[in-house]
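Q: Chain by chain, the residues run as shown.
6 protein chains.
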Amino acid sequence: MPRSFDRAAHEVRPLSFQRNFTNAAGSVLASFGDTRVLCTAVAIDGVPPFLQGKRQGWMTAEYSMLPSSVSRGRKQRDRGGKVDGRSVEIQRLIGRALRSVVDLSVIGERTVWVDCDVIQADGGTRTASISGAWVALCDLFKQMDDKRLLREWPLRSQLAAVSVGLVDGQVLCDLDYVEDSGAGVDMNLVKNSDGEYVEVGGGGEGMTFSRDVLESMLAVGDEGLAQIFAAQKAALAD
Amino acid sequence: MPRSFDRAAHEVRPLSFQRNFTNAAGSVLASFGDTRVLCTAVAIDGVPPFLQGKRQGWMTAEYSMLPSSVSRGRKQRDRGGKVDGRSVEIQRLIGRALRSVVDLSVIGERTVWVDCDVIQADGGTRTASISGAWVALCDLFKQMDDKRLLREWPLRSQLAAVSVGLVDGQVLCDLDYVEDSGAGVDMNLVKNSDGEYVEVGGGGEGMTFSRDVLESMLAVGDEGLAQIFAAQKAALAD
Amino acid sequence: MPRSFDRAAHEVRPLSFQRNFTNAAGSVLASFGDTRVLCTAVAIDGVPPFLQGKRQGWMTAEYSMLPSSVSRGRKQRDRGGKVDGRSVEIQRLIGRALRSVVDLSVIGERTVWVDCDVIQADGGTRTASISGAWVALCDLFKQMDDKRLLREWPLRSQLAAVSVGLVDGQVLCDLDYVEDSGAGVDMNLVKNSDGEYVEVGGGGEGMTFSRDVLESMLAVGDEGLAQIFAAQKAALAD
Amino acid sequence: MPRSFDRAAHEVRPLSFQRNFTNAAGSVLASFGDTRVLCTAVAIDGVPPFLQGKRQGWMTAEYSMLPSSVSRGRKQRDRGGKVDGRSVEIQRLIGRALRSVVDLSVIGERTVWVDCDVIQADGGTRTASISGAWVALCDLFKQMDDKRLLREWPLRSQLAAVSVGLVDGQVLCDLDYVEDSGAGVDMNLVKNSDGEYVEVGGGGEGMTFSRDVLESMLAVGDEGLAQIFAAQKAALAD
Amino acid sequence: MPRSFDRAAHEVRPLSFQRNFTNAAGSVLASFGDTRVLCTAVAIDGVPPFLQGKRQGWMTAEYSMLPSSVSRGRKQRDRGGKVDGRSVEIQRLIGRALRSVVDLSVIGERTVWVDCDVIQADGGTRTASISGAWVALCDLFKQMDDKRLLREWPLRSQLAAVSVGLVDGQVLCDLDYVEDSGAGVDMNLVKNSDGEYVEVGGGGEGMTFSRDVLESMLAVGDEGLAQIFAAQKAALAD
Amino acid sequence: MPRSFDRAAHEVRPLSFQRNFTNAAGSVLASFGDTRVLCTAVAIDGVPPFLQGKRQGWMTAEYSMLPSSVSRGRKQRDRGGKVDGRSVEIQRLIGRALRSVVDLSVIGERTVWVDCDVIQADGGTRTASISGAWVALCDLFKQMDDKRLLREWPLRSQLAAVSVGLVDGQVLCDLDYVEDSGAGVDMNLVKNSDGEYVEVGGGGEGMTFSRDVLESMLAVGDEGLAQIFAAQKAALAD
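Residue numbers (UniProt numbering), protein chains in the order written: chain A, 1 to 238; chain B, 1 to 238; chain C, 1 to 238; chain D, 1 to 238; chain E, 1 to 238; chain F, 1 to 238.
Please keep in mind that the hints were generated in silico from the structure rather than gathered at the bench.
One or more of the hints may lead you astray.
Identical chains blur together in the list; that is why a pair holds if it fits in one copy or across any two.
What the hints assert, rightly or not - Computed list of lysine-lysine pairs in DSS-like fashion (alpha-carbon distance at most 27 Å, straight line):
{"#": "1", "residue 1": "75", "residue 2": "233"}
{"#": "2", "residue 1": "54", "residue 2": "233"}
{"#": "3", "residue 1": "54", "residue 2": "142"}
{"#": "4", "residue 1": "75", "residue 2": "142"}
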């Protein structure tokens, strides 16, 4: 089966990071093919109780899908007091990943809120969220720096995430929804621009994988991540 | 004080209804100046229990603001099991208004879900929601008609909404956030293209208004509605 | 169809405002025909966070129907963490309407809680709530004044609310449940005793109305409001 | 300290059971001195899942205090999704007690909902609830019997409840709020007219009691219960 | 029908209070036959708002059943925001009972949390909880005393609880699940080692009982309590 | 710093899987040093709606920590309607991992509920949960097989999980709480007895890791997993 956008196994979909999408300090529409996530970052005065008086900041993330973002039917809103388990898992991952590249000790007693709202879902929303949120953080911190709110530049390195998976015996990069549904094994890789891993996470719903497949997935992921790092840089150069 | 976009008292902000914004059957980004609301409409099989077996459809609306949509700070998500009272009030209005122009007896046992998600808020989000959702319904019903799912065309007439308000003694049309904050009295008018009222609602937080002011607001509202009706038609002609 | 209590189109049902119904500072059983709402008002020390230290008060309202108040079946309590949307909408209206006639700057850092609990529902519970709550506020403020807790008398004017509707082509005042169910269009008018509007709100579930009908409804509403203002005065004179 | 209403240790407060207080099938305003509870009973078609198809009915009770019912301050509504623990305990007691005198096998597949809403609280709201709800059940079943909905008369016997307590070393019957606050030990007794116990429950918040005190409380309770049984009969004779 | 563990009507099941079951300060696995409850007690700095600055402590209890603790099926967790009514009732009883023997004025501004988690349920979980929690409190206070956190020894007396019931016309002590299910009447007695009652509570689901039965239940309960007091002492002597 | 239980970097803590810990069909107390998790498995008739009529079963897992399980303070229960995000993440992992080794098509229309309740937490609760739950599943399926409820044996292979981490530059296996708190990077590995990976997940809170460290962690994890597989087999041989 040919891949969407006529791409090879190691290629990601056409990427774009549209900055200043809304008026929020950091506001980026991240597009990975048909997947589109609005990633915003704002800084609010104050920190959670466990950090008060420690002269450092905090950063937290929330992830949500718009009801109309899914390709079939409609996703119910998280309004009944119970947040969807998958959303909880994803927003915890986004927060952890971003915190690995941010020095929270230089932003004052402020909380950075990162919001990743999926406008359209076609697979890979969590990796688009992380990759887009990093660009939004650049814009937020640039604005804070202009207002002289930072003691030093808080970003330690560039950060991106990509999905890889095993589909019909072949390791593919940046799976779309159809590929993801057919994937036996599915893994998300988060790396920084120093070549270090930030998060490695994957498994199968009902399937397992050998050490060889794991090695292939890591290799293919590296190729995809290089393309995403380049697209982030290009977006920031505009 | 000059108005944003250099407009007169009876003029609405620059309008656009960007159709097919996402892949949902009806998907319109309604822009009233800097206010931007994503209005989607999808039809799902089945109706609520009180309508089962009655061979007719149902339509319901939900309204929500993205956390980053506000111009200052960040709006908390409705996740704690308690939906914000203002959102409840607005989504009930949207649903009632749209039901007034739709014949639910011809769409089969389906539920039309209208979702209005505010991407950026600069005043008038409820009127942008209603006006945009009407365009989204046109697109949804067109698609359903193409699939021969409708017994007849369900839309009885065109529908639009506008806000009017009394600011420093002057009646203005389509208030932006700054005007809205300064308005003593604020009214939302929903009308159909037959010149009939669908909803009239307004009041003041701590202020009252005379019958004369009410008459002026109705008149100015009619001028604004004409501009919105025209913009909806233009969008559908594309 | 003759109206309940043999009344003309412009007449409200037999009214009473039974003061001191319970021991709360302001406690009024408002009866509009068979509709009975217990309206209470109490002042509690303290204000919400956004007003702290501003040396002024606050006022908020809650509305609820007893499970047994409905004429058929039983209304479930709002206990599942989700307050009924209609109740939210009504209590927001009650609060806004009352705040329009109260000077909160003279009551100190106190919160006035207005509770409207429907004992028996036969249409028009929101207008009975507003009209009765105004009487309860008089009694509360009288008691506070006796205790020298007010810098000045906080009530700027008298306040009442009435419903009007279009039933079988005729504009009627103060609809009971049967009329309300048959009404195509239904409007609530809140006015003060200076003849100014506080809130105008109405529409139809599936029906629309012309400018002429709107004018008629405003006129008939004025007649009903005069009767309610008189009944409030009579109750306070006792 | 003399008791309210100049009564002796073994005497209950002035009692009344005002029937047909609202239009619900069973609707009784139970007054024990200044304590006033609206007790209603309605029958709704259908039973909970665990009883479906078993050709018998069910009965359940809910208890709630109006926010303005308390003598000081204001009681918050149970709206946050968490029902007050005391209310849960009381409504479970009311349901159990009433089920002991009702034969649910003769009322068809219906659920009897008993609602006890405290209008004014001055101690003893749970015993007023049980005693008043029994009268409301009589009226509900009378109405159902008139409509030929009962196979047999479902009430096996009369039911009443009374509180007793140890205040300053003296055992008192039907404590009001002031006495209740000063009581070391507080017990609720529910009995039927055959002289059998239905529920015995009591203890102290920080105090204990001897077997002798227990015997005295049982004896004084019997005197109070006789007065309540008589008042219920008188109310039903009207 | 012979009783489990071949015991007479007045005998409790084999008892054990296994101390230091986990690392919590007070941690006791209370076993009454096959009923096993983990009772823990810890002291946390701080008291609820209503006690702040009063230089005294507070004590509260929570009760819960593990999903797998029931003999048939599985008990759902209390996660939906609504705590099971029976659990609320039981944990309120546990808290009240324990507070009757603890002098909270000598423990400083600390809150003692007692948690009773049912590992396996075979009837009598609330009485096992109270009896076991008392032992856990001894261990907690011993540890606090060693750290010199107590002004005086806070336990005023020993505390135990037992269930009694009427099964097939016979009064039995410490009912297991099968007996409890068949019991017409079921009572829980909480007493201290001075022979005083702390709580007496019981009734029937659909059954009533005479004064004679009540007297028998009190007598049989005393026999059971003596056995539990002895087992607590033995456990503490280890 | 020497490791607890005097063990080498590649060694897990003393392990035990105590079967039949309670009466549930599968009931195992898994101990990894001082970490103790009660893992139970029961099968309940019926499947979720999305599987009805498909003649296959379902399996789901829940994870929770007892309030007293933590070494410091007390963990609040998940009762407010909001389940702790970490618990959600862990129970989703447990469910996915177990489903990879179970053939749900042979167990009929039943739901297997796996409950992992942490009695005492000293690091590695999620890996103890998975490893222990697998033993509990063996016991559950053995019992179901004896009752002839299985079409075939549903377990495809053995399953175990282990944690590895980077502490002070050294890769360690099966971290206890102190090590875990000091770990820069922390990874959980789930493998089956065919040497295939089921889940690989890890990252750092504020730290990153190289490919070399990843390889070391995978190698050390394999050594730990071998010890756990052996302990599971030994437990089942008893």
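Q: For residue 75 vs residue 233, is the C-alpha pair at or below 27 Å within one copy, between two copies, both, or neither?
A: Cα proximity of residue 75 and residue 233: none, with 33 Å in one copy and 30 Å across.
Q: Within, between, both or neither: how does the pair residue 54, residue 233 come out at a Cα-Cα threshold of 27 Å?
A: Answer is neither: 34 Å inside a copy and 49 Å across each miss the 27 Å cutoff.
Q: Give the relationship of residue 54 and residue 142 under a CA distance limit of 27 Å: within one copy only, between copies only, both, or neither.
A: within (24 Å within a copy, 36 Å between copies)
Q: Given identical chains, is residue 75 near residue 142, meaning Cα to Cα at most 27 Å, within a copy, between copies, both, or neither?
A: Between copies, since 22 Å is at most 27 Å while 35 Å is not.
Hints 1 and 2 from the earlier list are contradicted by this structure; the remaining hints agree with it.
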